[in-house]
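Chains A and B, in that order, give the protein sequences. Residue 1 is where the first sequence starts when you use this note's numbering, and the numbers rise one by one after that. Residue 1 is where the second sequence starts when you use this note's numbering, and the numbers rise one by one after that.
Hints may be right or wrong, so weigh each one.
[Stated by the list, open to error] Computed Cβ-Cβ distance ranges for the label pairs, DEER-style:
(1) R143(A) x P119(B): 22 to 30 Å
(2) D3(B) x E47(A): 44 to 52 Å
(3) T37(B) x K215(A): 29 to 37 Å
(4) C134(B) x A276(A): 36 to 44 Å
(5) P120(B) x A276(A): 36 to 44 Å
(6) R159(A) x T139(B): 45 to 53 Å
Honestly, the hints are just simulated from the structure, not real lab data. The C-beta atom is built at its ideal place from N, Cα and C for all residues, glycine as well.
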Amino acid sequence: MEDLDSLRWAAGFSFRAYGLKIGFRVNRQGLDSQLKALLPPGWSPSEARVVDHLYSLRLGIPAGHPVVGQFHLAYSGSVQVARSLDLEETLESLASDLRLLVAATAKTGVFVHAGVVGWKGRAILIPGRSWSGKSTLTEALVRAGATYYSDEYAILDARGRVHPFATPLSIRPEGPGRARKTPVGEIGGTAGRRALPVGLVISTRYDPQARWRPKTLTAGETALVLLDNTVAARRLGGTTFGVFKRLTSTAIGLRGPRGDATITADAILQSLERQADCVQRTPRRIADVPSTQSSAASRATQKRLHHRGDGR
Amino acid sequence: MADEVLVYDSKRDRAHCLNKAAALVWRHCDGRSSVQTVLKALAAEGLPAERAVVQLAISELAKANLVEAVDPYEQLRFRSRRTMLKQLGLMAAASVALPIVQSIVAPSVAEAASTACAPPGTPCTPAGPNAACCSNICTGGSLTCL
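Could you put the whole structure together from the sequences, leaning on the hints where they help?
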């Protein structure tokens, strides 16, 4: 860190996010707007001169310049998080590290690695590790009319409600290649702005052979699914259980492999609608609804979407 | 939770979900309660009140490091869940009333974070060299990352 401190820095700023004070410094002026675009949703400017964590960005010398040393370098504290000739790639690595730092050390909110959408006043959480297909399912839900909240983190408050963290969707190509950051407007969706109570927690994994016929989880099992994807699970430990308990007072957990994302998305939205109807009519039978409804919905949409490719 | 108990073991970073029967037995593992007391408590809750059920609960709790066995000989006599079901003559549907302890290892930050490439077993296309896989190889009949 001292080595970095001894270098010349041309500009810097600090901001607050989720109870953290974070600083940025860069060796070139005029990058403020580009850097601020990397900040996590919900940030606010700060005048703090002392921060909890400091990021440093050293932009390389433009290609063609006679001096060697064209790599762009990004540091999180004293740890190098990016070294690339491609500025966009460097900034994306920096942004990704920043989001993870916030998720792991946030003083307010529990960050669960999950896709999140809103539907008729309730949130659908799809917790899962990377490459489990949650981003694809989130995208399919948005295309089906749900409001976009996040394809990376569900931020839960003490009341068990979920807050928006609407960064651009990370849409991976069918074949090899880097994921493309896609603003939700590009796929015809809108981003949610207010906190929602959770209606469904969906634990699933893409399996091309599978059909969405989920098993209903108990509240305790649902809490384990959430903890299994909580970024700061080891730091927060059992303190998350109070949040999960409140969350499961309004939500149902479902688990099972899924096939085509579009078919599954339709089934999920229908099951949440039926769930809402059941809450109004017969609250005690709520747990029986999702699996049967979603199977029926899946059958209904199977023909219509038969030729839509692998749908992951 | 209403009928369940969640326990976080901060020493081992493991979380456990005890169903109603397991939670009831666990609450009685205080070094003072007799098996008879536990059986009465199980019966009062409408749960199968058999000595084998208590044994199964303690076996599950011991596996999860939530209790310490006072008598090692007793622990050796614990049977598998399937054996216990046969012994109790219970149908599979009734087995939900038996003690169950579900456990997970709490993920580290790195485990819960996003990864840039797909881990082994992730469905992929096309077959062959594939940069989306961490191994760079997409293979097998069902096309997964190596």
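Starting from the hint list further up, note which numbers the structure goes against and sort them upward.
-> none
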